[in-house]
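Residue numbers (the working numbering), protein chains in the order written: chain A, 1 to 236; chain B, 1001 to 1287.
Hints in this document: simulated from the structure, not taken from any laboratory.
Note that CB positions come from ideal geometry on N, CA and C, so glycine has one too.
Hints are not guaranteed to be accurate.
Unchecked claim - The calculated label-pair distances, taken between Cβ atoms and stated as ranges, are:
hint, chain 1, residue 1, chain 2, residue 2, range
1, A, I85, B, D1069, 29 to 39 Å
2, B, S1154, A, I85, 21 to 31 Å
3, A, V84, B, Q1111, 44 to 54 Å
4, A, D13, B, A1141, 37 to 47 Å
5, B, A1151, A, Y80, 36 to 46 Å
6, A, A206, B, A1151, 34 to 44 Å
7, A, L35, B, Q1280, 50 to 60 Å
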Amino acid sequence: MEVFADAWQWLVDPQNYVGEGSLLQRSLEHVGYTLWVMAVGSAIAIPLGFYIGHTGRGRGWAVGITGAARALPTFGLFLYLVLVIGVERREIAAVIALVLLAIPPLLAGAYSGVDQIDRRVLDAARAQGMTGWQLLFRVELPLALPLVVGGIRNAVLQVVATVTLIAYVGLGGLGYDIIQGIPLRRFDQMIGSAFAIVVIALLLDAVFAALTRIVTPEGVRRAGGEDIRARENSRR
Amino acid sequence: MRTLTRNLSIVGTIATAAVVGGCAAGGSDTIVVGSQAYYSNEIVAEIYAQALEAEGFSVERSFQIGQRDAYIPALEAGEVDLFPEYTGNLLQFYDADTTATETTAVYDALQAALPEQLTALAMSPATDQDSYNVTSEFAAANSLESIGDLAGVSPLVLGGAPELEERPYGPSGLMEVYGVSVEFDATGEVTLDALLAGEVQVANIYTGNPAIAQYGLVTLADSEGLFLASNIVPIAGSDVADEIASIINPISEAMSPDELVAMNLQSTAEEMSAPDIAAQWLEENGF
């Protein structure tokens, strides 16, 4: 237990909040990479997921790929990409490796968000004379959003934990203090920075949890169908 | 919480039983040779193992145990009998504030620092220690031969593992001992690539690394003893040390720094297995 007290001492030591490599700088690097990866990953996976969910095309393909991609070892892929892309552009290698980690949960959220919509709702919208685009933006998107944000939450947690690895090639982040601490046997520093990563993960998750509530359409909420997955299961 | 604690203690009991069981199976005549999770260390351990086998010992290989925190307790507890180590790095493990840097001083300090149940056998002239390296072009352009020649060269970025930032031979030591001022870049796993790409001008690379010769790097001479000398040294359990010293000591004496690098190269470039490399070295050296 003493090591946790030491870790706390390390976390509150004012020395760690000033100058090069301060906790604040490391945290900003950490969050910065996380946001970059989420932005790129979302831009790829969410439209793709909507397309698959909307058209039903490539459904089997998407399920297979996202399942298999979860087994990709991120660290190995990352170091391989650094070698391929070149050491001068290793930031790009880091983002690509982490984007590949983020895509499966993002794609699954976007795809199942559209896929779970009651077909009768879509038929009703079409019967009103909605075009394909109107259907997508006015019906499918709002109804899918809670699951989409769920996918984002899932991805953020994985990415924030895995950004730790980028310090292995000198890109900073809170993993730096962990990786530096191992050979120096500084357990206070290692546990302290691990704790900081946990706090950042919880904060980001809280933000997206709040966002889920906000984006859940009024109608869905009133119908008590906020957790659509539960409704899906009960129907089967 | 109580359930969790109980479950953990059950797991602990099972793990302990497994370890104890594993040891008992070895028997008293068996020498357990361990190695780090580092290919070069495994080659040396394999040499010890094959030499012991040739003398009729039964040997159990417990290789790739990982870092010091993981295997030193096993050595101290007698679960592992023989382990190739490095004088400077091991001394630093037992005595973080050591001031010894020169080869013999480090070896003497290590013998004093080791706990009773461990014995350092004869050390080898082969070293695998930190060193500062520059590309041959950079060395020629700034006429560099020793670390001291770096004084006044600017800009100067030093690349290495993250912990180098805090080591006594890191940026602060460079300033104190040689008056060389550097910026530090924690290039970690890609230190060599960063040096070749010109991102850093000075790189901390182990002397045993075949890349130094492969890429024609210039290792800067350390005339003031900034680095801790780190020679290969077999660490044995004191209960078996006398029995195996006559077999292991000639190996240490025969292994030269160049031969160590050559063996490392056989592993990295030719992808030979540790047992093959070890057997070849033993044969070439008449064991």
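So, going through the hints one by one against the coordinates:
no.	hint	in the structure
1	A/I85 / B/D1069: 29 to 39 Å	34 Å, holds
2	B/S1154 / A/I85: 21 to 31 Å	30 Å, holds
3	A/V84 / B/Q1111: 44 to 54 Å	47 Å, holds
4	A/D13 / B/A1141: 37 to 47 Å	43 Å, holds
5	B/A1151 / A/Y80: 36 to 46 Å	39 Å, holds
6	A/A206 / B/A1151: 34 to 44 Å	52 Å, violated
7	A/L35 / B/Q1280: 50 to 60 Å	53 Å, holds
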